[in-house]
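Asker: Listed below are the residues making up each chain.
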Amino acid sequence: NAGVTQTPKFQVLKTGQSMTLQCAQDMNHEYMSWYRQDPGMGLRLIHYSVGAGITDQGEVPNGYNVSRSTTEDFPLRLLSAAPSQTSVYFCASSFLQRRELFFGEGSRLTVL
Amino acid sequence: GEDVEQSLFLSVREGDSSVINCTYTDSSSTYLYWYKQEPGAGLQLLTYIFSNMDMKQDQRLTVLLNKKDKHLSLRIADTQTGDSAIYFCAEGDDKIIFGKGTRLHILP
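Protein chains in written order, with this note's numbering: chain S, 14 to 125; chain D, 54 to 161.
Here chain D stands alone, though its shape is the one from the complex (with noise of 0.2 Å):
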């Protein structure tokens, strides 16, 4: 079945870039996801790509996707405190699956 895979922690100085990595199985995805999670929230979309694309870039955000390797990343610039949240990847049509999340700690 469809899977997603991604880190679960991840630690980077504030002022810094944070790169966040997943890979997935499901080819067949039109788009593919990043969603944000506050605590004692629900999640928000921060950005998709389709499938058919290598590259989105939305202010401090870039997603970047590689087909072959069915490997998607976003990286943040310029990371802030604001950002410390869990991040989801996720894929998939109708049935969208997504990733464990990966809880992005930020350093003073």
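Chain S with its partners taken away, still in its complex shape (with noise of 0.2 Å):
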């Protein structure tokens, strides 16, 4: 089992431009999510997912699109980065049974 996989791992990106951060996992678990984190602000959730077609808004969900089309795949778009978007971001999932999440090995995210 691969898990949880996050790609790209790095990406740089100019002011305005947009981008995907794809996030997949192989554990057929029903719940998915992202997070964003930030020196001392710790992780905030941005989007999450409790199955297919089903998405809701996390913490700090502005800025940040998601959808899900399959139970594996989340990924989370950005239409129009600003430098307040650079962060690592992490996916994670879990059963909807018990949420032990299972977390990507991070994208770190640079707009300039």
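Be careful, since some hints might not be right.
[Claimed, not checked] Taking lysine-lysine pairs in the DSS-like style, the calculated list, with each CA pair at most 27 Å apart, reads:
1) Lys148/D / Lys120/D
2) Lys89/D / Lys148/D
3) Lys22/S / Lys148/D
4) Lys89/D / Lys22/S
5) Lys153/D / Lys22/S
Hints listed in this document are in silico derivations from the structure and should not be mistaken for laboratory results.
Predicted, not measured: the structure shown is a model, and the values here were computed from it.
From these two lone chains plus the hints, build me the complex, please.
Answerer: What follows is the structure, encoded as structure tokens:
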């Protein structure tokens, strides 16, 4: 099992550019989520999904879109990147019955 | 909204016990969690406790839950250098909210 796979691991963008962070899991987890981690801020929840076709906002959803067309994939889209979105992004997944989150290795995004 | 608070730093001598504290606001959570993050890595679940329990022990780890005060603690017995990491408290069912993390530093 690969677990939770995030791509790319590193990305540099210019202000205003768009991109998609990919997240895939092979554990048949219903629940998936995206967090951003900034120094001194811990992890902040961006969006989450409890199953295919269902998404909801977390603590800091502005500037980010998500979709969940399959159980395996949960991409995070930045439509117009801003320097404030410079961060490390983590995708996580779990079964609905037991919320033991399995995390990906993270994607480091820099917006210039 | 939901909030989870924890102190940012803790220094402990090797062999002593470490106690990391956390307070939370959402009393409706079924689960409360402790995660560990080592440098350059994602988070890993250390342990969790159901909200209807007061205590859970798992080898060197003891979790205490005081629902009245909305206070959660993690005790690590016989702290080792390998325990040096950032420890996150988290709560929630669908919307899982993390604290800012406590960096545990081990003194020789």
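Asker: All the hints need checking, so say for each whether the structure fits it.
Answerer: Hints, one by one, checked against the model:
1. Lys148/D / Lys120/D: Given that 27 Å is the threshold and the Cα spacing comes to 19 Å, the pair holds.
2. Lys89/D / Lys148/D: holds (19 Å)
3. Lys22/S / Lys148/D: holds (25 Å)
4. Lys89/D / Lys22/S: holds (21 Å)
5. Lys153/D / Lys22/S: The given pair, whose Cα atoms are some 23 Å apart, holds under the 27 Å limit.
In summary, this structure violates none of the numbered hints.
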